[in-house]
Amino acid sequence: MPDRPAVPSVTSRRDFLRKGATAAVALPAVASLAACADTRAAAPAAVQAPAQAPPPPQPSARDKADAMDAMHEKGIKAFPAKTEGKGNQLLEPKLEKGVKVYELTAEEIDWEVEPGRKVRAWAYNRQVPGPQIRVREGDRVRVKLTNQLSQSTSIHFHGLELPNDQDGVPFLTQPPVKPGESFTYEFTVPNAGSHMYHSHHNAAIQVGNGLLGPFIVEPRRPLPAHRADVDYVMVLNDGAHGYTLNGKGFPATEPVVCSRGQTVRLRFMNEGMMIHPMHLHGMHMTVIAKDGWDQPAPWKCDTLNVAPGERWDVLVRATNPGTWAFHCHILPHAESEHGMYGMVTALVVQPAAV
Amino acid sequence: MPDRPAVPSVTSRRDFLRKGATAAVALPAVASLAACADTRAAAPAAVQAPAQAPPPPQPSARDKADAMDAMHEKGIKAFPAKTEGKGNQLLEPKLEKGVKVYELTAEEIDWEVEPGRKVRAWAYNRQVPGPQIRVREGDRVRVKLTNQLSQSTSIHFHGLELPNDQDGVPFLTQPPVKPGESFTYEFTVPNAGSHMYHSHHNAAIQVGNGLLGPFIVEPRRPLPAHRADVDYVMVLNDGAHGYTLNGKGFPATEPVVCSRGQTVRLRFMNEGMMIHPMHLHGMHMTVIAKDGWDQPAPWKCDTLNVAPGERWDVLVRATNPGTWAFHCHILPHAESEHGMYGMVTALVVQPAAV
Amino acid sequence: MPDRPAVPSVTSRRDFLRKGATAAVALPAVASLAACADTRAAAPAAVQAPAQAPPPPQPSARDKADAMDAMHEKGIKAFPAKTEGKGNQLLEPKLEKGVKVYELTAEEIDWEVEPGRKVRAWAYNRQVPGPQIRVREGDRVRVKLTNQLSQSTSIHFHGLELPNDQDGVPFLTQPPVKPGESFTYEFTVPNAGSHMYHSHHNAAIQVGNGLLGPFIVEPRRPLPAHRADVDYVMVLNDGAHGYTLNGKGFPATEPVVCSRGQTVRLRFMNEGMMIHPMHLHGMHMTVIAKDGWDQPAPWKCDTLNVAPGERWDVLVRATNPGTWAFHCHILPHAESEHGMYGMVTALVVQPAAV
Numbered sequence: 001m002p003d004r005p006a007v008p009s010v011t012s013r014r015d016f017l018r019k020g021a022t023a024a025v026a027l028p029a030v031a032s033l034a035a036c037a038d039t040r041a042a043a044p045a046a047v048q049a050p051a052q053a054p055p056p057p058q059p060s061a062r063d064k065a066d067a068m069d070a071m072h073e074k075g076i077k078a079f080p081a082k083t084e085g086k087g088n089q090l091l092e093p094k095l096e097k098g099v100k101v102y103e104l105t106a107e108e109i110d111w112e113v114e115p116g117r118k119v120r121a122w123a124y125n126r127q128v129p130g131p132q133i134r135v136r137e138g139d140r141v142r143v144k145l146t147n148q149l150s151q152s153t154s155i156h157f158h159g160l161e162l163p164n165d166q167d168g169v170p171f172l173t174q175p176p177v178k179p180g181e182s183f184t185y186e187f188t189v190p191n192a193g194s195h196m197y198h199s200h201h202n203a204a205i206q207v208g209n210g211l212l213g214p215f216i217v218e219p220r221r222p223l224p225a226h227r228a229d230v231d232y233v234m235v236l237n238d239g240a241h242g243y244t245l246n247g248k249g250f251p252a253t254e255p256v257v258c259s260r261g262q263t264v265r266l267r268f269m270n271e272g273m274m275i276h277p278m279h280l281h282g283m284h285m286t287v288i289a290k291d292g293w294d295q296p297a298p299w300k301c302d303t304l305n306v307a308p309g310e311r312w313d314v315l316v317r318a319t320n321p322g323t324w325a326f327h328c329h330i331l332p333h334a335e336s337e338h339g340m341y342g343m344v345t346a347l348v349v350q351p352a353a354v
Numbered sequence: 001m002p003d004r005p006a007v008p009s010v011t012s013r014r015d016f017l018r019k020g021a022t023a024a025v026a027l028p029a030v031a032s033l034a035a036c037a038d039t040r041a042a043a044p045a046a047v048q049a050p051a052q053a054p055p056p057p058q059p060s061a062r063d064k065a066d067a068m069d070a071m072h073e074k075g076i077k078a079f080p081a082k083t084e085g086k087g088n089q090l091l092e093p094k095l096e097k098g099v100k101v102y103e104l105t106a107e108e109i110d111w112e113v114e115p116g117r118k119v120r121a122w123a124y125n126r127q128v129p130g131p132q133i134r135v136r137e138g139d140r141v142r143v144k145l146t147n148q149l150s151q152s153t154s155i156h157f158h159g160l161e162l163p164n165d166q167d168g169v170p171f172l173t174q175p176p177v178k179p180g181e182s183f184t185y186e187f188t189v190p191n192a193g194s195h196m197y198h199s200h201h202n203a204a205i206q207v208g209n210g211l212l213g214p215f216i217v218e219p220r221r222p223l224p225a226h227r228a229d230v231d232y233v234m235v236l237n238d239g240a241h242g243y244t245l246n247g248k249g250f251p252a253t254e255p256v257v258c259s260r261g262q263t264v265r266l267r268f269m270n271e272g273m274m275i276h277p278m279h280l281h282g283m284h285m286t287v288i289a290k291d292g293w294d295q296p297a298p299w300k301c302d303t304l305n306v307a308p309g310e311r312w313d314v315l316v317r318a319t320n321p322g323t324w325a326f327h328c329h330i331l332p333h334a335e336s337e338h339g340m341y342g343m344v345t346a347l348v349v350q351p352a353a354v
Numbered sequence: 001m002p003d004r005p006a007v008p009s010v011t012s013r014r015d016f017l018r019k020g021a022t023a024a025v026a027l028p029a030v031a032s033l034a035a036c037a038d039t040r041a042a043a044p045a046a047v048q049a050p051a052q053a054p055p056p057p058q059p060s061a062r063d064k065a066d067a068m069d070a071m072h073e074k075g076i077k078a079f080p081a082k083t084e085g086k087g088n089q090l091l092e093p094k095l096e097k098g099v100k101v102y103e104l105t106a107e108e109i110d111w112e113v114e115p116g117r118k119v120r121a122w123a124y125n126r127q128v129p130g131p132q133i134r135v136r137e138g139d140r141v142r143v144k145l146t147n148q149l150s151q152s153t154s155i156h157f158h159g160l161e162l163p164n165d166q167d168g169v170p171f172l173t174q175p176p177v178k179p180g181e182s183f184t185y186e187f188t189v190p191n192a193g194s195h196m197y198h199s200h201h202n203a204a205i206q207v208g209n210g211l212l213g214p215f216i217v218e219p220r221r222p223l224p225a226h227r228a229d230v231d232y233v234m235v236l237n238d239g240a241h242g243y244t245l246n247g248k249g250f251p252a253t254e255p256v257v258c259s260r261g262q263t264v265r266l267r268f269m270n271e272g273m274m275i276h277p278m279h280l281h282g283m284h285m286t287v288i289a290k291d292g293w294d295q296p297a298p299w300k301c302d303t304l305n306v307a308p309g310e311r312w313d314v315l316v317r318a319t320n321p322g323t324w325a326f327h328c329h330i331l332p333h334a335e336s337e338h339g340m341y342g343m344v345t346a347l348v349v350q351p352a353a354v
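Residue numbers (my numbering), protein chains in the order written: chain A, 1 to 354; chain B, 1 to 354; chain C, 1 to 354.
If we strip away everything but chain A, and leave its shape as in the complex, we get (with noise of 0.2 Å):
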């Protein structure tokens, strides 16, 4: 496959990421891969054998295909494309007297969800999904959300079992948190796992439209059989902005890079109305977790069917080099006859440091 382009010098999953951010990066190419020993088999090139068949009858038949498959070529070419803004990004905490504060500002925002697709998001912090908040186990916690919005809102932590009064449940648990004001919610962190804070107020229409976010706790005592050299949160949704991981659709989603040998951990969330089988090419997921909880053994797959609300941490032994397609496996949430779009990213493996 001569006319693949050569591996960018990539040497870590950061610097690939800075690259990917300012410039249409090229994939690593497969042929380079023909380098690396595989443990199971030698593998033997692809052949593309000579034409057997007769032609098709007309001549057009064949442009037409042509034309398709450049549309499908671009995507993939453009992947991962540059966008403006990026959601899930780490939120650093300021410290006071122990306690963790966040501040989280809800607003209505232009968010690019593909190159040149802009559309209204109603974002924390100008984050579709809202910065990722990362604590550990028994941490004091402060939350203060102010509301930019037009609307009436609130936050549910979702999976926290929190004191009721500071769940999020406008009338149930606290009042509604009203156009220009604030409300603060304060707490110990009780249980560990990968939760999600949201809207809980007219949220088909608030969460559907981007207040959403990772809510990650570490746990006090790690389990060594989870240690993971990548830690990658992924969130699923289907509102208004369509079918996105990370708010955001193919080619402009992220890809999950590590390097042979190692260890990634994901963290599906599923923050949308509706199933998403996630489905990894190459290697299988072992299953940990489910809403924060540990398996009661772990348990194998290559498809990990997500349900809204739902979140599963997996761990991907990352035995197998190459860029893998990574997608839902609802067909229609991952390509059209434009090529693939939406729910669609990579897990890229590459060669191991020497």
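I should point out that these hints are in silico values taken from the structure, not numbers from a laboratory. One or more hints might be untrue.
Unchecked claim - Below, simulated DSSO-like cross-link-like pairs (lysine-lysine); rule was C-alpha separation at most 27 Å, straight line:
#1 A:K77 - C:K178
#2 B:K300 - A:K300
#3 B:K64 - A:K144
#4 A:K74 - C:K178
#5 C:K86 - B:K144
#6 C:K144 - A:K64
#7 A:K300 - C:K300
#8 C:K86 - C:K118
#9 C:K94 - C:K178
#10 C:K300 - B:K300
Unchecked claim - Taking beta-carbon pairs under 8 Å as the criterion, some of the chain C residues facing chain A (in silico):
#11 L172
#12 T263
#13 W293
#14 Q295
#15 P296
#16 G309
The C-beta atom is built at its ideal place from N, Cα and C for all residues, glycine as well.
Model the placement of chains B and C on the given structure of chain A, informed by the hints.
Frame of chain A, contents of chains B and C only:
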């Protein structure tokens, strides 16, 4: 939060629900829960901060927000709202020579789903869901079905491993039961668990209209680990009557009520056409059985995906006092701009009795 | 039930199916099963009671009910109905120097989904699903794809952990295979289990139209606990051809046939765009594997939710004789007012051979 009503003097689930059936009982106010020591950490009162952000540009925005909030408040304040008719009521059998005899009449009725919204329903014994049958493994059971509908019908005992001629599939295992006729099923109950009975003739219509009910089989030797203080069957539906829990939409749904320290067993059953990932706030659920069969090891979650035809049994340790939202997390099944509706109820954990 | 046909003299699954392929074979009548001792309890004959309820007001209601019932009866009596074409047929490889060689030709054909309903299908080797490939862990396999379609295509081996350049994703791991051209995949089979092969180019359309098939990998060391007498692959689909099991809609679906006392292994695969909770009557299923990976502990159910891209392997101990309905429990996928259709088949447990 001084605008909250005082806690009603509710001392038991029965008492709570009896009051709930005669008047719109105010929910236990969260204010009262401040007096309850929290086992994990002291919970500070939520702080309603003075407005620090600039007011929204147009005064009418606030008016619109207030109007929306008023609709939301009205729904929650009405919960649990009184409606005519109650489904899933325990049906006491007649005993005939050691056989438990149940009579079920299928007929068309008016059914009040929410206050003032009446629909046509096809019901067993004028209930949606039909009356709850609760027997013991090994019991001899006779079920006499009388068909007062304008269509033929039948009953399939979904989950019971019956002899083939008791399986209720017209033309495959029995003739259809014609309008005006009766059919008697009789069997020895073979397997324990949370099962269902429903029509298996023109079923997409007949079950969608209400011909369904729970069939609970207590095991001969219950596991001590499954002992529960409250045993609650929750039938999910999304057919002709909209999104319902036990035949009612919020705010006419029934809260699940327990005291702090108790264990609640929930038996989810989906008789609809869509998945419903049920999300409990404030506490996790420990999944113990699927379709009536014990899981090899219990596992925990806060959002449980229940597919059509499935039954899932979970235990909840009621450690966290308060009134907790409990709803399908496909948000359009639970909330609109007019407030919560459909598949929403609450788990009410009352302060432990003194 | 004297109106039932006598049991056909069926002595084996092969015999049953051969007859089924040439004529509409009557189902084993339940009447005959009365002779079979039940292991749990004696089953009384169902009693058709005389009408005790008043007759329905208008005579025409009964006529309408009879007319509807006649449509339902017609469908069940026609099962298994003869149609042209059969998918999922075992494909024998050519052996070339120790390599198992399979040839797959993608082309557009007419496909009879139900008696008289023909659709355009995109098929491998003129079958929907494509022919079943069944190999052993560690086998060397060559698959030559010839594209006779008017669009480019490719094959992704869904679930196999192949070297990247054999993964079948155009522009990511290989060029698209143009109309009239061929492409050869070759690999050593890395992991056992129930896998699939399908197009990964314009896949929402191409897979929806039929470019899919099962790829079964027998383990090198099969677990004795997984031994089965019947091994049946059931591919679910809901694309351009409607709701199908192995490419056919009821009554043209194929029954799964076994003898009492046998063990049946079912391999569910969802190649569609919706979940399908498959419900078996009369016996439970023991789930042993997900996506080809053994579950850490087997678990039981009677309704198994199969999401797009997932494969689930279950064992059924055929303890309960009779012809058992077996269908998707999203009822509109299985029944209309005109009778059963779509995703419905039967598990036929014949009396044990003497």
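So which of those numbered hints doesn't the model satisfy?
5, 12
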